[in-house]
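2 protein chains.
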Amino acid sequence: MAGTKDRLLDSSAELFRRQGYAGTGIKQILAGAQAPFGSLYHFFPGGKEELGAETIRASGRLYIELFATIAAQAPDVPSAVRDFFDGAAQTLVETDYADACPIATVALEVSSTNEQLRQACAEVFDGWIDGATRYFCAAGIGARRARELALNMLCLLEGAFLFCRALRSTEPLRVAGASAVAATRAALAGDT
Amino acid sequence: MAGTKDRLLDSSAELFRRQGYAGTGIKQILAGAQAPFGSLYHFFPGGKEELGAETIRASGRLYIELFATIAAQAPDVPSAVRDFFDGAAQTLVETDYADACPIATVALEVSSTNEQLRQACAEVFDGWIDGATRYFCAAGIGARRARELALNMLCLLEGAFLFCRALRSTEPLRVAGASAVAATRAALAGDT
DNA sequence: CCCAGATTAGATAGATCGCTCTAGTAGGAT
DNA sequence: ATCCTACTAGAGCGATCTATCTAATCTGGG
Chain A
45 MAGTKDRLLD SSAELFRRQG YAGTGIKQIL AGAQAPFGSL YHFFPGGKEE
95 LGAETIRASG RLYIELFATI AAQAPDVPSA VRDFFDGAAQ TLVETDYADA
145 CPIATVALEV SSTNEQLRQA CAEVFDGWID GATRYFCAAG IGARRARELA
195 LNMLCLLEGA FLFCRALRST EPLRVAGASA VAATRAALAG DT
Chain B
45 MAGTKDRLLD SSAELFRRQG YAGTGIKQIL AGAQAPFGSL YHFFPGGKEE
95 LGAETIRASG RLYIELFATI AAQAPDVPSA VRDFFDGAAQ TLVETDYADA
145 CPIATVALEV SSTNEQLRQA CAEVFDGWID GATRYFCAAG IGARRARELA
195 LNMLCLLEGA FLFCRALRST EPLRVAGASA VAATRAALAG DT
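So the sequence lines, in the order shown, correspond to chains A and B. Under the numbering used here, think of the first position of the first sequence as 45, with each following residue one higher. Under the numbering used here, think of the first position of the second sequence as 45, with each following residue one higher.
Mixed in with the good hints, there may be bad ones.
Remember, identical chains collapse to one label, so a pair may be satisfied in a single copy or spanning two.
[As the list claims (entries may be wrong)] Here are the simulated DMTMM-like pairs of lysine to aspartate or glutamate, each with C-alpha atoms no more than 25 Å apart in a straight line:
id	residue 1	residue 2
1	K71	E93
2	K71	D235
3	K92	D54
4	K71	E215
5	K49	E94
6	K71	E159
7	K92	D130
8	K49	E93
It should be emphasised that the hints constitute simulated quantities derived from the structure, not laboratory data.
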């Protein structure tokens with residue numbers, strides 16, 4: 045069995061992405077992790093807020109790794125983008141439209157209410173944007189164009205997640221994915 | 045002074061978009077509306093949930109009207125899209141990155157936890173997608189293409205809102221807006 | 001003027017919140 | 001064997017949550 049600290053992070057990550065930060069109680073996190081009350085404050089003396097910040101950063105790292113794994117298996121860059129969107133749609137259906145972006149729900153909740161958590165989200169998002177930009181740069185796209193493509197892809201993905209979850213449909217993700225793939229191809233072809 | 049019911053809806057709309065549904069307390073809503081406790085349960089016997097559902101629908105209607113107002117003043121369709129994104133960025137800066145999408149925060153929170161509120165969000169989103177699709181159709185874009193364009197524009201907008209708020213930057217909105225305008229032009233030109 | 005319905009006003013109930021506290025156990029180092 | 005640190009365990013605190021309740025106060029029609 046994984047260590048208690050990891051179980052706490054896993055439990056809170058799953059609950060935060062589904063019902064947000066404010067909507068998730070400490071006791072619910074502990075029940076999910078099968079951990080006693082004392083353990084939480086042993087590993088996270090800062091309480092819920094510290095657990096939240098660490099959960100956000102850990103979830104962000106995991107999501108980068110997911111993209112890297114998919115990209116490594118794809119034959120080319122547009123295929124990687126397509127596979128990433130397809131995989132997201134599949135996960136969405138498999139989890140009854142619960143598991144989309146690991147931190148978007150929390151990010152919107154805390155952006156205007158909790159500076160520490162907002163910064164954790166900002167760090168994760170910056171890492172995603174930089175990572176995607178470098179990935180596109182490595183494929184031969186110019187730096188400026190690569191960053192725009194990265195931002196467009198991520199905006200399309202996050203927006204589609206929002207609509208898919210509320211509408212209980214994968215249509216937004218399919219349309220946005222097709223658009224992201226087309227934009228990637230255009231950038232690779234050097235179109236202005 | 046506006047009626048108490050409207051003040052309650054306005055107050056909750058402002059608070060929900062900034063800190064979400066679970067993160068907003070009834071007392072906070074009442075303080076914002078300068079209304080007594082009894083009034084809330086007089087106008088909304090269903091309590092917080094009924095107020096939430098009505099707030100979501102009212103906010104959704106207002107946002108459609110905002111787009112219609114901007115579109116009516118724009119000389120052509122791409123300009124309307126551009127002005128909408130520009131206006132969103134301006135509002136974001138003016139409100140210290142607080143006022144973005146009126147219901148996205150709530151939508152992500154409730155999509156997996158509260159079926160009644162999820163449905164209210166779904167209705168609003170459906171209305172936005174249909175409205176934008178009809179707008180693009182009226183400009184001469186084929187029905188299927190118009191719906192894809194509408195979804196892409198809305199996904200870009202919502203995703204950009206998320207990143208802008210967390211990163212405290214308008215860059216995502218500017219990049220996404222440029223992309224939406226380009227997609228609109230391409231659709232109008234009949235490109236495949 | 002008076003009555004009835006609409007609305008205001010806020011005390012309070014009962015549950016749940018995040019968190020602190022003390023006490024206990026497990027396991028390795030010496 | 002003992003001791004020390006790491007961790008487990010959960011009772012309980014004060015605060016806050018949503019919601020209910022009763023009473024007071026408007027306001028328009030007869």
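Verification of the hints:
1. K71 / E93: both (14 Å within a copy, 23 Å between copies)
2. K71 / D235: neither (54 Å within a copy, 55 Å between copies)
3. K92 / D54: Answer is within; shortest intra-copy Cα gap is 14 Å, inter-copy 30 Å.
4. K71 / E215: neither (36 Å within a copy, 39 Å between copies)
5. K49 / E94: For K49 and E94, only the intra-copy Cα distance (12 Å) is at most 25 Å; the inter-copy one is 39 Å.
6. K71 / E159: For K71 and E159, both the intra-copy (24 Å) and inter-copy (23 Å) Cα distances are at most 25 Å.
7. K92 / D130: Neither way: K92 and D130 sit 34 Å apart in one copy and 37 Å across, limit 25 Å.
8. K49 / E93: within (15 Å within a copy, 35 Å between copies)
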